[in-house]
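Put together the whole structure using the sequences plus the hints.
There are 6 protein chains.
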Amino acid sequence: MSDLWLASLITDTPQAGFDLAITMSRKGVRYTQPDVEVLKKLRPVYAEDADALIASSQVIAINFQTIAAANNYWRK
Amino acid sequence: MSDLWLASLITDTPQAGFDLAITMSRKGVRYTQPDVEVLKKLRPVYAEDADALIASSQVIAINFQTIAAANNYWRK
Amino acid sequence: MSDLWLASLITDTPQAGFDLAITMSRKGVRYTQPDVEVLKKLRPVYAEDADALIASSQVIAINFQTIAAANNYWRK
Amino acid sequence: MSDLWLASLITDTPQAGFDLAITMSRKGVRYTQPDVEVLKKLRPVYAEDADALIASSQVIAINFQTIAAANNYWRK
Amino acid sequence: MSDLWLASLITDTPQAGFDLAITMSRKGVRYTQPDVEVLKKLRPVYAEDADALIASSQVIAINFQTIAAANNYWRK
Amino acid sequence: MSDLWLASLITDTPQAGFDLAITMSRKGVRYTQPDVEVLKKLRPVYAEDADALIASSQVIAINFQTIAAANNYWRK
Chain A
745 MSDLWLASLI TDTPQAGFDL AITMSRKGVR YTQPDVEVLK KLRPVYAEDA DALIASSQVI
805 AINFQTIAAA NNYWRK
Chain B
745 MSDLWLASLI TDTPQAGFDL AITMSRKGVR YTQPDVEVLK KLRPVYAEDA DALIASSQVI
805 AINFQTIAAA NNYWRK
Chain C
745 MSDLWLASLI TDTPQAGFDL AITMSRKGVR YTQPDVEVLK KLRPVYAEDA DALIASSQVI
805 AINFQTIAAA NNYWRK
Chain D
745 MSDLWLASLI TDTPQAGFDL AITMSRKGVR YTQPDVEVLK KLRPVYAEDA DALIASSQVI
805 AINFQTIAAA NNYWRK
Chain E
745 MSDLWLASLI TDTPQAGFDL AITMSRKGVR YTQPDVEVLK KLRPVYAEDA DALIASSQVI
805 AINFQTIAAA NNYWRK
Chain F
745 MSDLWLASLI TDTPQAGFDL AITMSRKGVR YTQPDVEVLK KLRPVYAEDA DALIASSQVI
805 AINFQTIAAA NNYWRK
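Residue numbers (the working numbering), protein chains in the order written: chain A, 745 to 820; chain B, 745 to 820; chain C, 745 to 820; chain D, 745 to 820; chain E, 745 to 820; chain F, 745 to 820.
What the hints contain is simulated information worked out from the structure, not anything from laboratory work. Take the hints with a grain of salt, since some may be wrong.
Lysine to any residue pairs mimicking SDA-like chemistry, simulated, CA-CA at most 25 Å apart [what the hints assert, rightly or not]: (1) K771(E) <-> A796(D); (2) K785(C) <-> A796(B); (3) K785(E) <-> K771(C); (4) K771(B) <-> R787(B); (5) K771(F) <-> A791(F); (6) K820(A) <-> L783(B); (7) K785(C) <-> K784(D); (8) K784(A) <-> D795(F); (9) K784(C) <-> K820(B); (10) K771(F) <-> N816(E); (11) K771(D) <-> K771(E); (12) K771(D) <-> D795(D); (13) K771(C) <-> A760(B); (14) K771(D) <-> D747(C); (15) K785(A) <-> I766(F); (16) K771(A) <-> V782(A); (17) K771(C) <-> Q809(A); (18) K771(A) <-> T755(F); (19) K785(D) <-> K784(E); (20) K785(C) <-> V780(D); (21) K771(E) <-> Y775(F); (22) K784(F) <-> R774(F); (23) K771(C) <-> D747(B); (24) K820(B) <-> N816(A); (25) K771(C) <-> D795(B); (26) K771(A) <-> K820(A); (27) K785(E) <-> T755(F).
Here it is in structure tokens:
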């Protein structure tokens, strides 16, 4: 995972920032478990587990806080 | 989910900001589990589980932090 | 729940801000489970569960962070 | 619990701020479970449960963030 | 625990700040369970429990946020 | 672990900041469980546990918040 995937925290819109927050949340998982095959096997399990879904949404929310601040909340 | 749902973090009132925080929290879940049928099946289970309800409230609280800051806390 | 319950984040005192943080934390639960009867049934269970009590206190703490910032920490 | 317990977030020292963070964390629990007898019964259980102890420390950390910011980090 | 252990949030280096974050995280546990013998008994259990280790790292991360802000991120 | 591993929070790029957030998250674990052999034994277990992976991603997200703020979000 030495390729460039996080060149900037700046995005054009809040929604693009939310998408970036999702990417960051997934990357956080991938750094701990780099084996894509294992992740694929886990997905159907946690994607039907409400607790895991809520926890995933929380990680996205935390990463979005960072991105939103970086973009000065996309205020004009 | 490529349609526009997060055009701005700015809301007229704190309560509208809280509503947006709820939308963001749900979107965070949906990006992980896009199948609405699965989500519908999960809802009656976690909606009667105190831990899941408290966890949901926490995600909303984190998203509301971001929105409140974006709106400069709706101070006049 | 379309009635107005969050008109402002500004409170006269820190303690009133803490009370508002509790209200927000409960509202976060209610948006996910709007049925008051279900909530009433859950309360005796989680109110005797240390983990749930600590988790509730955490949601209050997060909401209080937002309110305290909004009030500029009630500094004179 | 209508008596005054949170008159100010300002403390003389960081350690007094930490003490206040503990008080706030406990109050968050108490608002959800006001019955002191129940809390007394729970204490020996969660005080020997590592997960609950770590979670308690986390709530204190979050409340301390607020208090430290309020005190401008006690910088001279 | 009335002795002075948190005289200041200011440290010379980021790493000293990280060490202080660890101290604060442990103190948060100790305020809830002051009996050192109990803590000693718990340690071998949670120190081999991945969830508890990750949760501990999270508390340290939250306390470090506070300390880093207090030190203006040790920017020159 | 008295050697220097956190000399600065400043990084050249957001991605280098993310890498540092991972390092900090792991150090947080190591301070609680310094025995590398135990950690090696735990890894295959939690690396296949979705909840632990999401929790790890959350700790990284929190540490990244600190680093991003330290770097003024790498804004030019």
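Taking the hints in turn, this is what the structure says about them:
The hinted pair formed by K771(E) and A796(D) meets the criterion: a straight-line CA distance of about 14 Å does not exceed 25 Å. Restraint check: the Cα-Cα separation between K785(C) and A796(B) comes to about 15 Å, which is no more than 25 Å; the hinted pair holds. For the proposed pair K785(E) and K771(C), the alpha carbon gap of about 40 Å is over 25 Å, so the pair is violated. With a C-alpha separation of about 14 Å, the suggested pair K771(B) and R787(B) falls inside the 25 Å cut-off, and the hint holds.
A distance of roughly 17 Å separates the Cα atoms of K771(F) and A791(F); the hinted pair therefore holds under the 25 Å criterion. Note on K820(A) and L783(B): the hinted pairing is violated, with a Cα-Cα distance of about 36 Å set against a maximum of 25 Å. Distance check on the hinted pair: K785(C) and K784(D) sit about 23 Å apart at the alpha-carbon level, within 25 Å; holds. At most 25 Å may separate the alpha-carbon atoms for a hinted pair to count; K784(A) and D795(F) meet this at roughly 15 Å.
Taking the CA atoms of K784(C) and K820(B), the gap is about 38 Å. The hint is violated against a cut of 25 Å. Restraint check for K771(F) and N816(E): the C-alpha separation of about 22 Å stays at or below 25 Å, so the hint holds. Of the pairs offered as hints, the one joining K771(D) and K771(E) holds, with about 19 Å between alpha carbons and a cut-off of 25 Å not exceeded. The suggested pairing of K771(D) with D795(D) holds, with an alpha-carbon distance near 20 Å, which does not exceed 25 Å.
Between K771(C) and A760(B) the alpha-carbon distance is near 13 Å, which keeps this suggested pair within the 25 Å criterion. A hinted pair counts as satisfied when its Cα atoms are at most 25 Å apart, and K771(D) with D747(C) does not qualify at roughly 28 Å. Our distance criterion of 25 Å between C-alpha atoms is met by K785(A) and I766(F), whose separation comes to about 24 Å. Of the pairs offered as hints, the one joining K771(A) and V782(A) holds, with about 14 Å between alpha carbons and a cut-off of 25 Å not exceeded.
The hinted pair formed by K771(C) and Q809(A) meets the criterion: a straight-line CA distance of about 21 Å does not exceed 25 Å. Taking the CA atoms of K771(A) and T755(F), the gap is near 19 Å; set against the 25 Å cutoff, the hint holds. A C-alpha spacing of about 23 Å is found between K785(D) and K784(E), which places the hinted pair at or below 25 Å, so the restraint holds. Restraint check: the Cα-Cα separation between K785(C) and V780(D) comes to about 21 Å, which is no more than 25 Å; the hinted pair holds.
Of the pairs offered as hints, the one joining K771(E) and Y775(F) holds, with about 15 Å between alpha carbons and a cut-off of 25 Å not exceeded. For the suggested pair K784(F) and R774(F), the alpha carbons sit about 11 Å apart, so the restraint of at most 25 Å is met. A distance of roughly 28 Å separates the Cα atoms of K771(C) and D747(B); the hinted pair therefore is violated under the 25 Å criterion. Of the supplied pair hints, the one linking K820(B) and N816(A) holds, its CA atoms being roughly 19 Å apart against a limit of 25 Å.
About 15 Å separates the Cα atoms of K771(C) and D795(B), which keeps this hinted pair within 25 Å; it holds. Distance restraint check for K771(A) and K820(A): the Cα-Cα separation of roughly 30 Å exceeds the 25 Å cut-off, and the hinted pair is therefore not satisfied. Between the alpha carbons of K785(E) and T755(F) the distance comes to roughly 41 Å, so the proposed pair goes past 25 Å and is violated.
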